[in-house]
Amino acid sequence: MGLLSTGNKKVLINPFSKSNPVIVLVLGICSALAVTAKLEPALVMSASVVVVVAFSNVIISLLRNTIPGRIRIIVQLVVAATLVTIVNEILKAYAYDVSKQLSVFVGLIITNCILMGRLEAFALGNKPWPAFLDGVGNGLGYGMILVIVAFFRELLGSGTLLGYRVIPQALYDAGYMNNGLMILPPMALIVVACIIWVHRARNKDLQEN
Amino acid sequence: MKFLRNLLDKLKPDFEPGGRFGAFQSVFEGLETFLFVPNKTSGSGVHIHDSIDTKRTMFMVVIALFPALLFGMYNVGYQHYLAIGQLSVGYREIFLFGFLSVLPQLIVSYGVGLSIEFMAAQWRKHEIQEGFLVSGMLIPMIVPVDTPLWMIAVATAFAVIFAKEVFGGTGMNIFNVALVTRAFLFFSYPSKMSGDRVFIRLSETFGLGAGTPVDGFSGATPLGQAATATAHTVQLTDILGNPLSAWDLFWGFIPGSIGETSKFAILLGAVFLIITGIADWRIMISVFVGGFCMGTILNAVGTTAAMNISAYEHLLLGGFAFGAVFMATDPVTSARTVSGKYIYGFLIGLFGILIRVINPGYPEGMMLAILLMNMFAPVIDYFVVQANIKRRLKRMRVKKENTTGLKSD
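Residue numbers (our numbering), protein chains in the order written: chain U, 12 to 220; chain W, 510 to 918.
Please note that a few of the clues may not be correct.
Stated by the list, open to error - Derived Cβ-Cβ restraints for the label pairs, each shown as a range:
1) U:200 to W:613: 25 to 35 Å
2) U:106 to W:747: 49 to 59 Å
3) W:628 to U:28: 22 to 32 Å
4) U:187 to W:597: 53 to 63 Å
The set of hints was computed from the structure by calculation and includes no laboratory data. No experiment lies behind these values; they were computed from the predicted model shown. Where a beta carbon is used, it is the ideal one built from N, C-alpha and C, also for glycine.
The shape of chain U in the complex, shown without the other chains (with noise of 0.2 Å):
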C-alpha cells in the first residue's frame, strides 16, 4: 500500500468538506467560538491542534493492540493531556503572546470533542500512518474553519488582518466604523452557521429533510 493510495488520500481529503468536524460534525464548536475574534491566535490554535491530533492519533494508533478496552478512555487522555501539555509549554516558551491570548483554550484542546473523535473512531480501528494522515486532516479541517472565522471577524470588527490595518483611514473619515458585535462570541457562531449554510447549500447529499 502506498503512502498515498486511494484510500489514505481520502482519508486525508475527506475532513476538508464531506466530513469537516467543525461544520458537518459540529465538534470543537467552543474553542472555534473563543479564539476567532483575531486572525493570529485562530492560526496558532489551528497549528497546535494539527500537531496534538495528528500525534495523539500515531501513538494511539501503535497502543491500539496493547489498550484494554475497559480502560482506553484513560489511556488516550493521558497521551493526548501530554502532548497538549509539551504544545502549551512550547508557546509559552517561543509565542508568549499568542499564548496569553489563547489561555486556557490551548490547554482544552484536551477535551476537545474533535480529539477524542478521532482517537475512538479512527486511531483505535487503523495503521499509525492512515492514524496520521487521518490527524492531519481533520486538524486542518478545523483549522480552516477557524481561520475562515476569524477572517471575517479580524476584517469586519477591528479593520486588521494580522494586525494590519486593511480598511483604509478614508473610509473611516467617511463614516464606516468596526463592527463591535463581530468581536462578541454570538457573531463567531452566526459566521460558523453561514459556512454550513453555504456548505450545504453546495452539497445536497448532506442536507436534512
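Chain U is fixed; fit chain W onto it per the hints.
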C-alpha cells in the same frame, strides 16, 4: 377602483407560471392582495372566513404607530430648535425639520427590508409576506435620530435575514425583528446608540435649522442622567437644564429615540390596538404592573439615583411604554396562552426595570428584557398547557370517584 381591477385582470395572465413575467408572480400577487381583498376560498370542509388577514392586521398596527411617529418627528425638530435656541421658527418648520430627518431612515429601513423580503419570496416561490410592514416602521422609531443610514441598512438586512428568513419568514420568527435590528446596532456600534451625543440632531437637515447649541446644552436623556448621576437622587432636566415634571415625561417633549418619547401618542396607539383587537391588553397591563412592582422594590432599596426615581416615573421614562405597547404584544413572539400572557408581560416589566437600574452599562433595559422573554415565551406556554392538562385530569378523577364511589387508583 374598477379601473384598477380591470388593469390587474389584464396583467394577470402575464404573471401566471409560464407567462411572460412568471418569475415575478409573488410580486404581482403581493400588489394585488394589497389593493383588493383576496377572493380565494377553501376547497374543502367548513371554514370560518374573516376579512382580516395578515396584511390588514399589520396595517392596523401601522395606523396605531402613526401618532407616535408624527409626534416623534415633531419632537426631533422641537429638541433641535430648543438646543440651538430658535424655538420661535414656528410649528411648521419644526415639524418639517423632524420630518426630513426621520424620512430617510424610514425609506432606508423599508427599502432594505422589503427588497430582502421580495427576493426571499421570489427565491422560495412563496407569497410575499407582510410582516415587514410593521417592522420597517418600528425600526426608525426605536433608534436615535442621528443613527447613520448605512448602519440602519446593515442592521435591517441582518435582522430580516437572521432573525426572520432563516426561521421561515413572517410568523415563524422567535425574536421580534425590529428589536433584533436595534440589538444589532446597540452591540455593534455602541457609540452611536447611547450616550449624550446621539439623541438630538445638532447639524442641519437639508439646509434647515442651521445654528450652534446654546450655552448649558446637554444632550443626555433623562435615563442617561439617572445612569450617570453620582448623587443619591437625581433631578431630571431637559436639554437646557430646566427641571422636568412627570407631565413633561407624559407629553413627551424630552430627548430619546424617535418614537418612544410621547406616552400620550403611545396611549392613543394602545387604545386603537385594544379596540380593534389586534394587540392583547393582558400583556400591556402586566408589563406595566411588572415594571411598577420592580420600581417599588428598588425604591425601597434606594441606594443609587436610578433606584430613587419613583416607580411611576420609571414607567414614563425611556422606551418602556413603547416596548410594552408595540413590542411585547407582537403576536408572533409573545406567549399565546391567556395565563401565559400575564406571566410573560409581568416578567418583561420586571426585567426591563431591573436591567435599566442595576446595570450601568445599559441605561435602558426594555430591549433586552423583551428579547429575553421572547425566548422564554414557548416555555411559558408549555408549562401553562401542562398545568391545564394536569388540572383537568385531576378533575376527571374526582368526578369518577364521586360517581362510582371508589378510589380510582
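Structure-based check of each hint:
no. : hint                       : verdict
1   : U:200 to W:613: 25 to 35 Å : holds, 33 Å
2   : U:106 to W:747: 49 to 59 Å : holds, 55 Å
3   : W:628 to U:28: 22 to 32 Å  : holds, 28 Å
4   : U:187 to W:597: 53 to 63 Å : violated, 38 Å
Checked against the numbered hints above, the structure breaks only hint 4 and satisfies the rest.
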